[in-house]
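Residue numbers (our numbering), protein chains in the order written: chain A, 1 to 371; chain B, 1 to 371; chain C, 1 to 371; chain D, 1 to 371.
Derived by calculation from the structure, the hints in this document are not laboratory data. Some hints here could point you the wrong way.
Identical copies go unnamed one by one, so any copy, or any two together, can satisfy a pair.
As the list claims (entries may be wrong) - Calculated cross-link-like contacts (lysine to any residue; reagent style SDA-like; alpha-carbon spacing at most 20 Å):
no. : residue 1 : residue 2
1   : K47       : E60
2   : K47       : V141
3   : K47       : R290
4   : K47       : E72
Note that this is a predicted model, so its numbers are computed, not measured.
Protein chains: 4
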Amino acid sequence: MNRPWNRVPVAVLGSTGLVGQQFVRMLEDHPYFELVALAASSRSAGKSYAEAASWLAGGEVPSGARRLTVIEGARPAVLGAGARVVFSALPRAAAEPLEAELRSAGCFVFSNAASHRLDPDVPLLVAEVNASHLDLARSQVARHGGAIVTNSNCSTSGLALALGPLRPLGLAAATVTTFQAISGAGRRGLASLEILGNVIPFIRDEEPKMLRETQKILGRVDDGRVRPSGLEVEATCCRVPVRDGHLLSLRLELETQVTADEVREAYEAFRGLPQEMGLPSAPARPVLVRLEDDRPQPALDSLMGSPWRARGMAVTVGRIRASGRTLRLVALVHNTIRGAAGSCLLNAELAYRQGLFGPMQPDTLGLPLAQ
Amino acid sequence: MNRPWNRVPVAVLGSTGLVGQQFVRMLEDHPYFELVALAASSRSAGKSYAEAASWLAGGEVPSGARRLTVIEGARPAVLGAGARVVFSALPRAAAEPLEAELRSAGCFVFSNAASHRLDPDVPLLVAEVNASHLDLARSQVARHGGAIVTNSNCSTSGLALALGPLRPLGLAAATVTTFQAISGAGRRGLASLEILGNVIPFIRDEEPKMLRETQKILGRVDDGRVRPSGLEVEATCCRVPVRDGHLLSLRLELETQVTADEVREAYEAFRGLPQEMGLPSAPARPVLVRLEDDRPQPALDSLMGSPWRARGMAVTVGRIRASGRTLRLVALVHNTIRGAAGSCLLNAELAYRQGLFGPMQPDTLGLPLAQ
Amino acid sequence: MNRPWNRVPVAVLGSTGLVGQQFVRMLEDHPYFELVALAASSRSAGKSYAEAASWLAGGEVPSGARRLTVIEGARPAVLGAGARVVFSALPRAAAEPLEAELRSAGCFVFSNAASHRLDPDVPLLVAEVNASHLDLARSQVARHGGAIVTNSNCSTSGLALALGPLRPLGLAAATVTTFQAISGAGRRGLASLEILGNVIPFIRDEEPKMLRETQKILGRVDDGRVRPSGLEVEATCCRVPVRDGHLLSLRLELETQVTADEVREAYEAFRGLPQEMGLPSAPARPVLVRLEDDRPQPALDSLMGSPWRARGMAVTVGRIRASGRTLRLVALVHNTIRGAAGSCLLNAELAYRQGLFGPMQPDTLGLPLAQ
Amino acid sequence: MNRPWNRVPVAVLGSTGLVGQQFVRMLEDHPYFELVALAASSRSAGKSYAEAASWLAGGEVPSGARRLTVIEGARPAVLGAGARVVFSALPRAAAEPLEAELRSAGCFVFSNAASHRLDPDVPLLVAEVNASHLDLARSQVARHGGAIVTNSNCSTSGLALALGPLRPLGLAAATVTTFQAISGAGRRGLASLEILGNVIPFIRDEEPKMLRETQKILGRVDDGRVRPSGLEVEATCCRVPVRDGHLLSLRLELETQVTADEVREAYEAFRGLPQEMGLPSAPARPVLVRLEDDRPQPALDSLMGSPWRARGMAVTVGRIRASGRTLRLVALVHNTIRGAAGSCLLNAELAYRQGLFGPMQPDTLGLPLAQ
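The shape of chain A in the complex, shown without the other chains (with noise of 0.2 Å):
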């Protein structure tokens, strides 16, 4: 394998679903990370990954994993083919000892799936919102040799992101109803007659995740554990027809009084460290605001948020509606990018450059760092 040395080799697991294939059409040409190897199931196993994706993540297969033979097995998928860094797009089920594995065998885990998200010492990231959690993962290196680097459900990384830039205001407390694309979902997750113009008020275990994995992100890390913030969230998830981009309408009730313009002035104002670091996968702004009555919409505005590499990865609010101490909005965030592969290639890419796979090589640090 003819490989610049001072790439990182990556593995991606779960290669073949819709989050494995985002983390596919991401990875093309990553200035940090090379693509070696693709892990799926037993059924796409020795199938050349072109064959065994029936791409959905739009365009073509990228030419670098086009190449790439499918393996079947996280371990022989990693180790074999001496991947450090691993992408997983696991199920819960199967996600849960494997990660761990990888762990113990010294690998750097930046895991979608929701297994260890609310483990103690694992960091449940949110790049632009609460980085600082990042330093959980040291400690993990200490114990494991390895570590596993968790982002969040899809719909919490749109709230966090909307939450995020209104703490200075004081968040006291929020109500979500969810609009959810069917690609949350999975591929075959939802049959076409349950939601062919139709609506579903109830996706199983998400509100739960909204309220714990909201309040592990907004926590704070505290003697290396995250004592989580008491925010209550109250959620109300629902399916509806749409491909991607989940929309939240959100009430959230502040500590201070506000008005609308300067709610949207910190959402424009707001920038984390992936911003400031110039992370490849960063978009130039985290929350992009639409000023129209009807906007964001899915079909328009999921994938907004230049550049290439970074389109979907922004937030989008719109309708910010403020009264007092109380504040309505609508945010939309891309599900499968933002939402998923997005956000865990962004933890990936922070941990990079904050040293956590070792100290960084010269040549490295010489490498255009956006795109």
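Put chains B, C and D on the given structure of chain A with help from the hints.
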């Protein structure tokens, strides 16, 4: 015209639109009312109703309506045909002067238009919730010779029926996010490119309507006027790609602590005057409760509430979650039936039985009142 | 069980699926048949039908079925409950041995499964088109004690009813492109991501079925076997995001020149044995003709064909364009009713009236035959 | 205006509509053409393009166009801004006189409107199929000073590109059933209630266009006029709930026997003048072949055909089935790109390179011609 003298002759204005068609459908073989005239715009005038309507209300055009010729103009249609009761599905601008004019001509106008809903002496009626407001119509008769009785906006109908049974628990505040069907925008109100595979988080004028109309409906009549309820209703109204059925995600603050079971029982026990009187279009139970995790759903539950004529007249609630004085639930209303034509007709049935149009005649009383 | 002795006891196999539910719906208060048993897979066994079914067939679960408990296994369901006639909505693989077994046990199996459709001694019946093929069932009775009678594939039902009335014109060749509804793939057959906002130009096994089944239906019985028609049917079968109703775009080559008016008249004049005999599920007219430019449409015309029980039993044709010996038209069939359960039930009604299950009893003859 | 003198200044008429937006998108950083003016109706006039457009063409409004102010009226827009080449996305009625007028003023009008498509001296061009017809434009220049060059109707574009490569096999007859996307009806052309969950088997004027336009495209220029091909095209045009991408189910009769492999090879080998010349908007291959059973699909394949500017410029075919001299296949064309703006722009690029606007200047020739 060979007409049994004891049914009240009625006309429908705006008869070819979606709501107009529901009027026509529900008036077929009605025990109190006989359809004698159909009015529409000049484009339809002179055509047979079957030809003019491009029927969308399910099944075939009722045979009674099929034989009628569409008349241009409300006055000729109503007065020329000797109609005494008028069902109005006119657009707001047209409705305002026309309905007042017909009232002055001694007609009883049951209107789905927004024009007069907030007039101080016009009842805004959800028959199971505020039947007593019908008294306002009597003073109109004294002043104008006839009366206008309005029903609420489509989503407000669902909200009012979800709130009504909970009044004994003390309603302190309501936050609602709606998922509204495309038929609520009228036949050509929403372009397909706007909504296919999309959500639009805004519906013009809908949110203030939900506030003002709910406050009036829940208000009490005092000295010939409605004293509105002070209930704050914060609404975020969204359009989804669903044909029929508005879904509401509700968060209520109550004045007392409740359990989900108490709320369920309150809904199941709830009956209004229409049920007590056995009005022809009254659903057997105004509010149906679903216990499944994932109901109600527009595609499955919008038309619930047998028997036939009353299909779509019940509101379905589900996902009842109570915590202290906070209550969350989902409610579903069929927007062109319970949210429009059906509520309007039920109001007329109530008015008929309460003698608004004059003393009831002996043989009318003998009619079978349930369908 | 308090059962009038003169209705035939029947069981439904695969009763919780989409087609199974249509059987249950159409058997409610049936004049010939009494539903005595419902079978389904082990997942549903032991549950009440209302609980097991997740009812999708419109309205509420019929009260007769609501009281039944779902039985696992065809044999226990049928033989244990004393059913003599069986309606099968089983998947193909399960149907093959089970239906043969029930036939050997003396049952009359009316099956929607594809397994036995092309068996030489099994009638493949579209009751208005080839009622005479029912004779094949009599020889089965002689050999096996019971008989299997099949109806065609859903899209073939529509094609056969569109072709049948034109046989006097000489059918030379048929090219058909279908627009098939998602319910044709079964409850979970098609993932929402596959079809939302999309067209899939392929349905596995459907095209050869349309050829072979149409040839058998249009064939004639000769010496106890069907001699298939030589009509070439070239089909391209596509899935579209529509809930119910398969639309067919047809191009026919005839042996004689025709005009559009002649074709329209042939359709309007067409009646089959079910109409002559007034079978309960027979539509008043098997083929309805729409003259508008833009009809039939699945959302408007699928359920046409009154009265109630027969809704969805008529095929609707439109866009008739003739030029020389070439004819083009569009046909629409409700796929789970006329294309499945309804056709199957109509076949059973025909068999019942023709005495297939034994000599008809005097008091049965006295039953009102039309609903 | 700081403009490199060697790019041709161009204007877009009807610039805010769906096709107009595609022109604007594809003209961004175009190597031959520089966008200098945007015209639209009085409703948009005076607004910035970003404000007027309600951008739907993906991503953000290109920065070049973002700075322009929309001008009312074709003449002021074109002549006032010094545009020499005009791209017209006008509606038919407006296009007819305006385009002729601009031609008389010496402009070169590349039009997507139907008005002049069948004029004897106006080329109806699908650049890979009948590039030689561009000669007709030269005689227009002689007569009028400028010229009008048209592209075909959206579904005809797909048909012509599917037929072109097969001409060597002898085209005897074509039967086509279309599945057309809603964007083909324009921004507000189709109400959501008409098409959500439905199929409409009729599109006004579309079927005769497919016949006449295909005959002209496949005809040959003889004595300054097009002698149309005698190919019979029988079309049934249907609308389906898909955003972008017209799918065509085709049945062809050829003059020679073919195999599916021969057809596939004919498509894969096919290249036109745009490919030979490396025109900026030319797809690398005009026709892509999919070998999977179930492709092409609008949601997956409409935008195929890299690189970026040429995305959506290739037609994708699949399901090739040959039997004797009969061939069946499915073709997919992106209706607002290859079926409209993209084809129109490609025609202009061809004309530019063939010197239609005057002798090419040395430094123009030096421009990089591929993107």
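Checked hints:
Within a single copy, K47 and E60 get their C-alpha atoms as close as 17 Å, which meets the 20 Å cut-off; across copies the closest is 38 Å, which misses it. In this assembly of identical chains, K47 and V141 lie within 20 Å of each other by CA distance neither inside one copy nor across copies; the values are 34 Å within and 52 Å between. Taking the shortest alpha-carbon separations for K47 and R290, only the inter-copy value of 18 Å comes in at or below 20 Å, while the best intra-copy value is 44 Å. Taking the shortest alpha-carbon separations for K47 and E72, only the intra-copy value of 10 Å comes in at or below 20 Å, while the best inter-copy value is 40 Å.
Consistency with the previously given hints fails for number 2 only.
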